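Take a look at the letters that make up each chain.
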Amino acid sequence: SAVISQKPSRDICQRGTSLTIQCQVDSQVTMMFWYRQQPGQSLTLIATANQGSEATYESGFVIDKFPISRPNLTFSTLTVSNMSPEDSSIYLCSVLPPRRQPLDYGYTFGSGTRLTVV
Amino acid sequence: QKEVEQDPGPLSVPEGAIVSLNCTYSNSAFQYFMWYRQYSRKGPELLMYTYSSGNKEDGRFTAQVDKSSKYISLFIRDSQPSDSATYLCAMIGGIYNQGGKLIFGQGTELSVKP
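As you go down the protein sequences, you meet chains A and B in turn.
Every letter in the first sequence is one number past the one before it in this note's numbering, and letter 20, counting from 1, is 20.
Every letter in the second sequence is one number past the one before it in this note's numbering, and letter 8, counting from 1, is 8.
Since the hints were derived computationally from the structure, they do not count as laboratory data.
These figures come from a predicted structure and were not determined experimentally.
Don't be surprised by glycine CBs; every beta carbon is placed ideally from N, CA and C.
Do not take every clue at face value.
Unchecked claim - Calculated pairs, BS3-like style, for lysine-lysine (alpha carbon to alpha carbon, straight line, at most 27 Å): (1) A/K65 <-> B/K2; (2) A/K7 <-> B/K2; (3) A/K7 <-> B/K42; (4) B/K42 <-> A/K65; (5) B/K113 <-> B/K70; (6) A/K7 <-> A/K65; (7) B/K113 <-> B/K101; (8) B/K42 <-> B/K67; (9) B/K2 <-> B/K56; (10) B/K70 <-> B/K2; (11) B/K67 <-> A/K65.
Claimed, not checked - Stretches of chain B that chain A covers, calculated by requiring three or more beta carbons in the stretch to come under 8 Å of a beta carbon on chain A: (12) 43 to 55; (13) 102 to 113.
Said to hold, decoys possible - Calculated Cβ distances over 12 Å to all of chain A for the following chain B residues: (14) K2; (15) Q6; (16) P8; (17) F75; (18) Q80; (19) S82; (20) A90; (21) G99.
Using the sequences and the hints given, assemble the complete structure.
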């Protein structure tokens, strides 16, 4: 399966600041997904990062708050902007399996970024 | 009504028990069904996936899908303390024509006591 590396693994940030999270995949993938997992909750999709085009955001998430970059087929970043304590969550990236690869080649997750906003 | 419903638990069983974890769903277009395991402070790990109806077995784990009832299950035989984790179901219809987006259940927290 695709191996996903996420940085940083955790951070404690002051309110009003921004944090950029990096996601690196060991192979080229079509789509990368950014999720948020609030304490004790399931995963909520924030947006889909498409290479060469704007990210597609889910209802309730906006580009100004969560800008995403996807400069190539193996890398993406998610920025959490103007943070408040409500942004304290785990942020995770995942990838779509390439066509003609088994489904479980993709849909794996990075280890996540545990963000605490104080 | 959520598209995918999963009992959040917590579920506590003795070591060696058979565990049954379940999800129901409302969207008949779902075709791929996954089970993830998530240990505390870790990202979700894909355990198994099933396409359409039927059973799939991998060691102590068996995934079942009943599309007629819109019901999926994960069975864990001879449960071990190391199985203690949160288990999430996830599903999707056509992967590439629906933007690849998985729909997750709420997750069930499982504790296996020695």
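For each hint, the structure was consulted:
1. For the proposed pair A/K65 and B/K2, the alpha carbon gap of about 26 Å is at most 27 Å, so the pair holds.
2. This hinted pair does not check out: A/K7 and B/K2 have alpha carbons roughly 32 Å apart, beyond 27 Å.
3. Proposed proximity of A/K7 and B/K42 is supported: the alpha carbons are some 13 Å apart, at most 27 Å.
4. For the given pair, B/K42 sits about 25 Å from A/K65 by alpha-carbon distance, which is consistent with the 27 Å threshold.
5. Taking the CA atoms of B/K113 and B/K70, the gap is near 31 Å; set against the 27 Å cutoff, the hint is violated.
6. Distance restraint check for A/K7 and A/K65: the Cα-Cα separation of roughly 19 Å lies within the 27 Å cut-off, and the hinted pair is therefore satisfied.
7. Only pairs whose Cα atoms come within 27 Å are accepted, and B/K113 paired with B/K101 is rejected, the gap being roughly 35 Å.
8. Simply put, B/K42 and B/K67 have alpha-carbon atoms about 31 Å apart, too far for the 27 Å limit, and the pair is violated.
9. With a CA separation close to 26 Å, the supplied pair B/K2 and B/K56 stays within the 27 Å bound.
10. Our distance criterion of 27 Å between C-alpha atoms is met by B/K70 and B/K2, whose separation comes to about 13 Å.
11. Annotation: proposed proximity of B/K67 to A/K65 is violated, straight-line Cα distance about 39 Å (limit 27 Å).
12. By the rule of at least three residues with a Cβ nearer than 8 Å to a Cβ of chain A, the coverage given for the region 43 to 55 of chain B holds, with 6 such residues.
13. Only when three residues or more bring their CB closer than 8 Å to a CB of chain A does the claim for the region 102 to 113 of chain B stand; here the count is 5, and the claim holds.
14. Against chain A, the non-interface label of B/K2 is violated: not every CB pair exceeds 12 Å, the least being about 10 Å.
15. Not every CB of chain A lies more than 12 Å from the CB of B/Q6, the least distance being 8 Å, so the non-interface label is violated.
16. Non-interface status of B/P8 relative to chain A is broken: a Cβ of that chain comes within 12 Å, the nearest being about 8 Å off.
17. With a least beta-carbon separation of about 19 Å from chain A, B/F75 lies farther than 12 Å from that chain, consistent with its non-interface assignment.
18. Residue-level check passed: B/Q80 sits 22 Å from the nearest beta carbon of chain A, beyond 12 Å.
19. No beta-carbon of chain A comes within 12 Å of the beta-carbon of B/S82; the shortest separation is about 18 Å.
20. Chain A draws B/A90 into its interface by the beta-carbon criterion, the shortest separation being 8 Å against a cut-off of 12 Å.
21. For B/G99, the shortest C-beta to C-beta distance to chain A comes to about 6 Å, within the 12 Å cut-off, and the non-interface label is violated.
Hint compliance for this structure: hints 2, 5, 7, 8, 11, 14, 15, 16, 20, 21 are broken, all remaining hints hold.
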